[in-house]
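Q: Keeping their order, the protein sequence lines are chains A and B. Take the first sequence: its position 161, counting from 1, is numbered 161 in this note's numbering, and each next residue is one higher. Take the second sequence: its position 56, counting from 1, is numbered 56 in this note's numbering, and each next residue is one higher.
It should be emphasised that the hints constitute simulated quantities derived from the structure, not laboratory data. Using N, Cα and C, we set each Cβ at its ideal position, and we do this for glycine too. Don't take each hint at face value.
Far from chain B by the CB rule (all over 12 Å, computed), these chain A residues [as the list claims (entries may be wrong)]:
#1 Lys-69
#2 Val-71
#3 Pro-91
#4 Val-96
#5 Gln-177
Listed next, the in silico BS3-like pairs over lysine-lysine satisfying Cα-Cα at most 25 Å (straight line) [claimed, not checked]:
#6 A:Lys-107 x A:Lys-134
#7 B:Lys-37 x A:Lys-29
#8 B:Lys-37 x A:Lys-141
#9 A:Lys-29 x A:Lys-134
#10 B:Lys-53 x A:Lys-29
#11 A:Lys-26 x B:Lys-37
#12 B:Lys-37 x A:Lys-85
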Amino acid sequence: MKLTHLILLAALATSVYAAPQSFDFKDPKGVNNAVFNLDAPLESVNGSANGITGTVSFDPENPEATTGKIVVAAESLTVPNPMQKEHLHGPNWLDVAKYPEITFEAKSLANVKTDANATTADVTGTFSLHGVSKDITVPIKLTYLKDKLSARVPNLKGDLLVIRASFMINREDFNIQKGQYEDKVSPTINLSLSIAGASVAQ
Amino acid sequence: MNRILKLLALLLVLAGVTTWLVTGASRGWTKTSVEVKTLDPVTGIEGITYRPKFIAGVDFLGAALGGAALLLGASFFFRKPTNNQTTKQTTT
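Okay, chain A solo, but in the shape it has when bound:
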């Protein structure tokens, strides 16, 4: 009887003190990406960025406590037209030399729903772009892939966390050519993030 109690106590202690895992989003495979789309009446701008880093603290037993920061290197934003890319990176638009990072720092999660290994939630955090920081709420999907790291990176054991998010921002909120060129460059920017982070087993 005492042994059973001890085992139960140990199991309880383990679950209570299970530390959240830290997932590193610097992807060795290079598939992590952020896609952006601006659909203006005269012109559509589509591109992506793959210079993504950051860490997210995630506990599969307590996804509500998820926090972390994702960083996109502004220099990695790419569009297929070289002149558009030059303008996009230039001082009149994103000014990547002055503002080299686009970041999102997650502070809290709400409306958390977990089904098997997938969790959906509304994450509130600070989005920083072009030197302006603004609190926004974004719907996200977190998929926890236990012991799947070795399937992706041989010789490494651990877990994967896939984050997907699609949301919209207004460029005028971030002082990017406020009220200018709206017929050619949409004032709203559609963003879609698909990233995977790894937590290496100790």
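Since the structure of chain A is provided, determine the placement of chain B on it from the hints.
A: Okay, now just chain B, sitting in the frame of chain A:
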């Protein structure tokens, strides 16, 4: 000179239109790279990379047609004198 400029204008139109058609008759801007999507089987993420490829857009087509129009316009400055003008010149 007049004929050379007209010929160059024609060649420019043909080259511009042919290049635009051959590279896909894109109605967007000219591209020097194209997206290549690869699916990561473990995470299900569609990775995006860019492969260098030239796709002529409407700006390329417009530049070719504009250049041809300029050449054609310039050719009028090198017109041969008409018969009337030649007659006048010889009688004076």
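Q: With reference to the structure, classify each hint as holding or not holding.
A: Structure-based check of each hint:
1. Distance check for Lys-69 of chain A against chain B: the nearest CB is about 20 Å away, which clears 12 Å, and the non-interface claim stands.
2. Here Val-71 of chain A stays apart from chain B, with its beta-carbon at least about 18 Å from theirs, past the 12 Å limit.
3. The beta carbon of Pro-91 of chain A is kept farther than 12 Å from every beta carbon of chain B, the shortest such distance being approximately 21 Å.
4. Against the 12 Å criterion, Val-96 of chain A stays outside the reach of chain B, whose nearest CB is about 17 Å from its own CB.
5. With a cut of 12 Å on Cβ distances, Gln-177 of chain A stays outside the contact zone with chain B, its closest approach being about 19 Å.
6. Straight-line distance between C-alpha atoms of Lys-107 of chain A and Lys-134 of chain A comes to about 12 Å, which keeps the hinted pair within the 25 Å bound.
7. For the hint linking Lys-37 of chain B to Lys-29 of chain A, the alpha-carbon distance of about 13 Å falls within 25 Å, and the restraint holds.
8. Our distance criterion of 25 Å between C-alpha atoms is met by Lys-37 of chain B and Lys-141 of chain A, whose separation comes to about 21 Å.
9. Straight-line distance between C-alpha atoms of Lys-29 of chain A and Lys-134 of chain A comes to about 31 Å, which puts the hinted pair past the 25 Å bound.
10. In summary, the hint linking Lys-53 of chain B to Lys-29 of chain A is supported, as the alpha carbons are separated by about 23 Å, within the 25 Å threshold.
11. Distance restraint check for Lys-26 of chain A and Lys-37 of chain B: the Cα-Cα separation of roughly 19 Å lies within the 25 Å cut-off, and the hinted pair is therefore satisfied.
12. For a cut-off of 25 Å, the pair hint linking Lys-37 of chain B to Lys-85 of chain A stands: about 20 Å separates their Cα positions.
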